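Chains as they are written, first to last, in my numbering: chain A, 1 to 427; chain B, 428 to 854.
Hint data in this document are derived by calculation from the structure and do not stem from the laboratory.
All of these numbers come straight from a predicted model, not from anything done at the bench.
Just so it is clear, CB atoms sit at the ideal spot from N, CA and C, and this is done for glycine as well.
Mixed in with the good hints there might be a few duds.
[What the hints assert, rightly or not] Simulated restraints, written as ranges between beta carbons of each label pair:
hint : chain 1 : residue 1 : chain 2 : residue 2 : range
1    : B       : 516       : A       : 338       : 28 to 34 Å
2    : B       : 747       : A       : 263       : 48 to 54 Å
3    : A       : 29        : B       : 492       : 55 to 61 Å
[As the list claims (entries may be wrong)] For lysine-lysine, the following DSSO-like pairs were computed, each having C-alpha atoms within a straight-line distance of at most 30 Å:
hint : chain 1 : residue 1 : chain 2 : residue 2
4    : A       : 221       : B       : 451
5    : B       : 648       : A       : 221
6    : B       : 647       : A       : 220
7    : B       : 508       : B       : 647
8    : B       : 451       : B       : 463
9    : A       : 24        : A       : 221
10   : B       : 716       : B       : 508
11   : A       : 81        : A       : 289
12   : A       : 220       : B       : 508
13   : A       : 36        : B       : 791
14   : A       : 24        : B       : 508
15   : A       : 36        : A       : 24
16   : A       : 220       : A       : 81
17   : A       : 364       : B       : 451
18   : B       : 451       : B       : 648
19   : A       : 24        : B       : 451
20   : B       : 508       : A       : 221
21   : A       : 220       : A       : 24
22   : B       : 451       : B       : 716
23   : A       : 24        : B       : 791
24   : B       : 463       : A       : 364
25   : B       : 451       : A       : 220
2 protein chains.
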Amino acid sequence: MNLSQNISSETPQQHVESRARRAKDAAVRLRTASTKIKNDALHAMADALLAQQDEIFAANARDLQTGRERGLSDALLDRLKLNEARVEAMADGCRQVAALPDPIGEMAGGRTLPNGLRLSQVRVPLGVVGVIYESRPNVTVDAAILCLKAGNAVLLRGGSEAIHSNLLLARIISRAAQEAGAPADCIQAIETTDRAATQHLVTLNGLVDLVIPRGGDGLKKSLSAVATVPLIFAAAGNCHVYVDESADLQMASGIAFNAKVQRPSTCNAMETLLVHRAVAPQFLPALAKRLCEAGVELRGDERAREASSIMQAATEADWDTEFLALTLAVRVVDDVDEAIAHIGRHGSAHSEAIVTRDYARAEKFCAEVDSAALYVNASTRFTDGNEFGLGAEVGISTQKLHARGPMGLESLTTTKYIVRGDGQVRA
Amino acid sequence: MNLSQNISSETPQQHVESRARRAKDAAVRLRTASTKIKNDALHAMADALLAQQDEIFAANARDLQTGRERGLSDALLDRLKLNEARVEAMADGCRQVAALPDPIGEMAGGRTLPNGLRLSQVRVPLGVVGVIYESRPNVTVDAAILCLKAGNAVLLRGGSEAIHSNLLLARIISRAAQEAGAPADCIQAIETTDRAATQHLVTLNGLVDLVIPRGGDGLKKSLSAVATVPLIFAAAGNCHVYVDESADLQMASGIAFNAKVQRPSTCNAMETLLVHRAVAPQFLPALAKRLCEAGVELRGDERAREASSIMQAATEADWDTEFLALTLAVRVVDDVDEAIAHIGRHGSAHSEAIVTRDYARAEKFCAEVDSAALYVNASTRFTDGNEFGLGAEVGISTQKLHARGPMGLESLTTTKYIVRGDGQVRA
Numbered sequence: 001m002n003l004s005q006n007i008s009s010e011t012p013q014q015h016v017e018s019r020a021r022r023a024k025d026a027a028v029r030l031r032t033a034s035t036k037i038k039n040d041a042l043h044a045m046a047d048a049l050l051a052q053q054d055e056i057f058a059a060n061a062r063d064l065q066t067g068r069e070r071g072l073s074d075a076l077l078d079r080l081k082l083n084e085a086r087v088e089a090m091a092d093g094c095r096q097v098a099a100l101p102d103p104i105g106e107m108a109g110g111r112t113l114p115n116g117l118r119l120s121q122v123r124v125p126l127g128v129v130g131v132i133y134e135s136r137p138n139v140t141v142d143a144a145i146l147c148l149k150a151g152n153a154v155l156l157r158g159g160s161e162a163i164h165s166n167l168l169l170a171r172i173i174s175r176a177a178q179e180a181g182a183p184a185d186c187i188q189a190i191e192t193t194d195r196a197a198t199q200h201l202v203t204l205n206g207l208v209d210l211v212i213p214r215g216g217d218g219l220k221k222s223l224s225a226v227a228t229v230p231l232i233f234a235a236a237g238n239c240h241v242y243v244d245e246s247a248d249l250q251m252a253s254g255i256a257f258n259a260k261v262q263r264p265s266t267c268n269a270m271e272t273l274l275v276h277r278a279v280a281p282q283f284l285p286a287l288a289k290r291l292c293e294a295g296v297e298l299r300g301d302e303r304a305r306e307a308s309s310i311m312q313a314a315t316e317a318d319w320d321t322e323f324l325a326l327t328l329a330v331r332v333v334d335d336v337d338e339a340i341a342h343i344g345r346h347g348s349a350h351s352e353a354i355v356t357r358d359y360a361r362a363e364k365f366c367a368e369v370d371s372a373a374l375y376v377n378a379s380t381r382f383t384d385g386n387e388f389g390l391g392a393e394v395g396i397s398t399q400k401l402h403a404r405g406p407m408g409l410e411s412l413t414t415t416k417y418i419v420r421g422d423g424q425v426r427a
Numbered sequence: 428m429n430l431s432q433n434i435s436s437e438t439p440q441q442h443v444e445s446r447a448r449r450a451k452d453a454a455v456r457l458r459t460a461s462t463k464i465k466n467d468a469l470h471a472m473a474d475a476l477l478a479q480q481d482e483i484f485a486a487n488a489r490d491l492q493t494g495r496e497r498g499l500s501d502a503l504l505d506r507l508k509l510n511e512a513r514v515e516a517m518a519d520g521c522r523q524v525a526a527l528p529d530p531i532g533e534m535a536g537g538r539t540l541p542n543g544l545r546l547s548q549v550r551v552p553l554g555v556v557g558v559i560y561e562s563r564p565n566v567t568v569d570a571a572i573l574c575l576k577a578g579n580a581v582l583l584r585g586g587s588e589a590i591h592s593n594l595l596l597a598r599i600i601s602r603a604a605q606e607a608g609a610p611a612d613c614i615q616a617i618e619t620t621d622r623a624a625t626q627h628l629v630t631l632n633g634l635v636d637l638v639i640p641r642g643g644d645g646l647k648k649s650l651s652a653v654a655t656v657p658l659i660f661a662a663a664g665n666c667h668v669y670v671d672e673s674a675d676l677q678m679a680s681g682i683a684f685n686a687k688v689q690r691p692s693t694c695n696a697m698e699t700l701l702v703h704r705a706v707a708p709q710f711l712p713a714l715a716k717r718l719c720e721a722g723v724e725l726r727g728d729e730r731a732r733e734a735s736s737i738m739q740a741a742t743e744a745d746w747d748t749e750f751l752a753l754t755l756a757v758r759v760v761d762d763v764d765e766a767i768a769h770i771g772r773h774g775s776a777h778s779e780a781i782v783t784r785d786y787a788r789a790e791k792f793c794a795e796v797d798s799a800a801l802y803v804n805a806s807t808r809f810t811d812g813n814e815f816g817l818g819a820e821v822g823i824s825t826q827k828l829h830a831r832g833p834m835g836l837e838s839l840t841t842t843k844y845i846v847r848g849d850g851q852v853r854a
């Protein structure tokens, strides 16, 4: 694929805008597409991905080669890499989304009004959705299939590290969808990773209805400042586990270990552990040892380090840091109120857990902490669309409007009112 | 009230920011306030408004005096004016909102997951809501009571024409709410109408959760460009009525007349009438005469003027104009497809009606027009929170995210997940 050929005569802004115009046209046709056409397209996309594995691996090899030349870490190269299992997982994803109920056309509410008007609130697509993402090329497919099922045209803007993989994946699924009867241009990749193009995308009011940036704080800041299109950030999280004085300490150890270690790079992993001072001396030494053995670097406040000498000293910045790695900040608190206050000050309103046997404190924690998901006696790692039974996930929103927490298909829709009458006029 | 005294030592930005900080503190306390406290506060506010009518009239007289000196039109002066009936209406509003079900604490969903986790999605307040509005001082009370009932602290920023009325109303209801047990500072007015203050308000991420600008296109543009806080515009609308060839023409006349004339200054009033060419010669002359007699100025395209000579020639700009007055653009179209295309090109996605006897065209119009409310055989004037049975209305949203159409109490809330477990960790 010759990238420069496609966009040689256009500025990055013109390229994005022309894609957005085509997406808007596609969205108009997709708005009334039947569930059957959308599901046929999803199955065709799965077949096409499996049939064209060799080309996918070849494109991916170019990205990996460039990545090695640029000195990407092994962890990043692993995220980038596509193999048979990962292509199969993408194809499975297509079929799973085909099997989900179609959110479009759902009657979200309605009533007959006293004047006889029949009011119904119908779920409809948003229109054109932009998705901005980083290294993992499977997001190309994941984002496209969810947008398609919800009746939206999608503009995919992946990271430069995976550009060849992303563009080929987009081309394969776009062609398969169209051959199965979906409108042309309902899946399009932005063929440049130029920052000006991304910043232009988030100002295309009237063409683009929603942009979902999936990435770190840098991306968030650079887009927030310029965006006029609505954004929902599928952002990282600074999650907390609070171990109350009444906790079952064995349960608390299991939850804390799971929340930190099971998959530390995810947004729902714990970043700060808060421990009631009454149980810190008994609880922290054994847990710290267990975490250390799993490779976790511990950074404690003064009281935490009194309880366990294997911790380094935490800095003030540690409380605000999303490590997304095997690093954990630990703080000893006087009571549940101090834990709640700490989370309010430092948290990112994603997921927080309390481990306790005390009913009133469990309820207080859930009522007073203003985060997307609150847990009593369970790991924060469950904040996930699949775990929550939504079937699929576009990302996890830590903002309050439109969607909060794991975003399923419904978060890619809106509603409209349809009002059927017999000549009613307003008095 | 000496305005300059209150803010003399602060810049407008500092004033807004200090109010927002106090609002955030109030929001934390209001988040867990009982329904009883909120309703007691609403009733106390109603009593206080009635008890302090004379002071309200005195403050209002100052605004009217200034308005007359500045040469405000009679229509604007009328909007500004408070009399006994209007104060009573505000007090009634308080009691009506008290009588509405409390949206907070509603279980919006939930299930027990296969691993035994009990998941519930609970409706909670947004936090701090800013409302920016223009001349009518009753919005001070309307906005405050809806925010309070939904558990939000509110920052009220009214227009300069009504500043004395607005500040006094805010002070009266704020004091009454606090005396009835609501947190201090849960209702605050911004004491400056400086534009820099408004622009600062919409960038206070972390302090302000939502800003609702209620006003014209100028306000919309000046805020969109700078806002980083989520905005929902309660905007005007460019609404359409399409009279199909199969319409009951008497019904069509009644609907068109009502949609234009009954209250032309509202956002759900018709601005453009589209008429099928087959019925234009029969339909338009009588309707045009009836509208003219009601004082409506008609601006038709060529075919409309062939049918009725009393129309002026419409310009291209007329199709995009929200007249909000007794002015109507009229266009003759070839069929329902041309009507749908016209609305897609020129509409503001607010409210549109089709008048028809044809089932398929009615369904097509509702499916293909992408507006907040679609009507078959009824006036667009019904797009309204009270008419739709929402009990009260913050405004009407023509955007797609979070809330679309009339915004009731629910649009001032968000949800959070509460997950109760017994030690579950993720495998």
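Now for the hints, and whether the structure bears them out:
1. B:516 to A:338: 28 to 34 Å: violated (47 Å)
2. B:747 to A:263: 48 to 54 Å: About 52 Å separates the Cβ atoms of residue 747 (chain B) and residue 263 (chain A), which means 48 to 54 Å holds.
3. A:29 to B:492: 55 to 61 Å: Holds, since residue 29 (chain A) and residue 492 (chain B) (Cβ atoms, about 58 Å apart) stay within the stated range.
4. A:221 to B:451: With a Cα-Cα distance of about 23 Å, the restraint between residue 221 (chain A) and residue 451 (chain B) holds, given a limit of 30 Å.
5. B:648 to A:221: Holds, because 22 Å separates the two Cα atoms, which is no more than 30 Å.
6. B:647 to A:220: Holds. Residue 647 (chain B) to residue 220 (chain A) sits at ~23 Å (cutoff 30 Å).
7. B:508 to B:647: holds (25 Å)
8. B:451 to B:463: With Cα atoms ~22 Å apart, residue 451 (chain B) and residue 463 (chain B) stay inside 30 Å; holds.
9. A:24 to A:221: It holds: about 27 Å lies between the C-alpha atoms, which stays within 30 Å.
10. B:716 to B:508: violated (34 Å)
11. A:81 to A:289: violated (34 Å)
12. A:220 to B:508: Violated. Residue 220 (chain A) to residue 508 (chain B) sits at ~45 Å, over the 30 Å cutoff.
13. A:36 to B:791: holds (19 Å)
14. A:24 to B:508: violated (46 Å)
15. A:36 to A:24: Distance of about 22 Å is within 30 Å: holds.
16. A:220 to A:81: holds (25 Å)
17. A:364 to B:451: OK: residue 364 (chain A) and residue 451 (chain B) at ~19 Å, within 30 Å.
18. B:451 to B:648: This hinted pair holds, its Cα atoms lying about 27 Å apart.
19. A:24 to B:451: violated (39 Å)
20. B:508 to A:221: Violated - the C-alpha atoms of residue 221 (chain A) and residue 508 (chain B) are around 45 Å apart, more than 30 Å.
21. A:220 to A:24: Holds, at roughly 25 Å.
22. B:451 to B:716: It is violated: about 56 Å lies between the C-alpha atoms, which goes past 30 Å.
23. A:24 to B:791: Holds, at roughly 19 Å.
24. B:463 to A:364: Distance ~19 Å between residue 463 (chain B) and residue 364 (chain A) Cα, so the pair holds.
25. B:451 to A:220: holds (23 Å)
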